[in-house]
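Let's have the full structure, built from the sequences with the hints guiding it.
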Amino acid sequence: MTETIAAPAPLADTTEQFKLAFGHQPAGVAIITATDENGDPAGFTASSLTSVAAEPPIIAFSLKANSGSAAKIAAASSFLVHMLDAENVTLAKNFATHDYPRFDDPSTWEFVHSGEPLVHGVRRVLRATPLSRVEAGPALVFTAQVEEFIRNDCEGTPLVYHSRNFHALGDHSNVNNYSI
1 MTETIAAPAP LADTTEQFKL AFGHQPAGVA IITATDENGD PAGFTASSLT SVAAEPPIIA
61 FSLKANSGSA AKIAAASSFL VHMLDAENVT LAKNFATHDY PRFDDPSTWE FVHSGEPLVH
121 GVRRVLRATP LSRVEAGPAL VFTAQVEEFI RNDCEGTPLV YHSRNFHALG DHSNVNNYSI
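By the count of UniProt numbering, the sequence shown reaches residue 180 at its end, each step adding exactly one.
Wrong hints could be hidden among the right ones.
As the list claims (entries may be wrong) - DSSO-like, lysine-lysine: derived pairs with alpha carbons at most 27 angstroms apart: (1) K19 <-> K93; (2) K93 <-> K64; (3) K64 <-> K19.
Since the hints were derived computationally from the structure, they do not count as laboratory data.
Below you can see the structure in the form of structure tokens.
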């Protein structure tokens, strides 16, 4: 007996299915900041941050190629990755909002020794240097080597993005002892 495989779905339908499927896949939330060629700070919220390797420590993330921050991040010789906790949800929303004045209040950030903007109030921040940049459709995918941790306090409650909303992970979401 032969099995009949259905014809592929039209691209528009596949795009909608893709958005639904990946919207249901939770992702950690980070803010990535850099300094542009004029010394001005730039940054955006990313839910695409992932670890690639531990030795040497390599990360990857993506962003829309036509975003306001894309050219600035792509041209930067290094950047900071702020790994957000639930208490940072307002920062996540602000850095995700187009034309939000992210760096207007100097009391909320500062430049670190290597020149990148450090957002105050984030417990885990690393500095990385780019290894590669690949065009992938309308996005740019970056890999970068972690050079140092500016902060590494793992006491917070991680912030995740799921189904177009921010959520907090905690003991209530631990399912290691869950049985089926």
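Results of checking the hints against the structure:
no. : hint        : result
1   : K19 <-> K93 : 20 angstroms, holds
2   : K93 <-> K64 : 17 angstroms, holds
3   : K64 <-> K19 : 15 angstroms, holds
Hint compliance for this structure: every hint is met.
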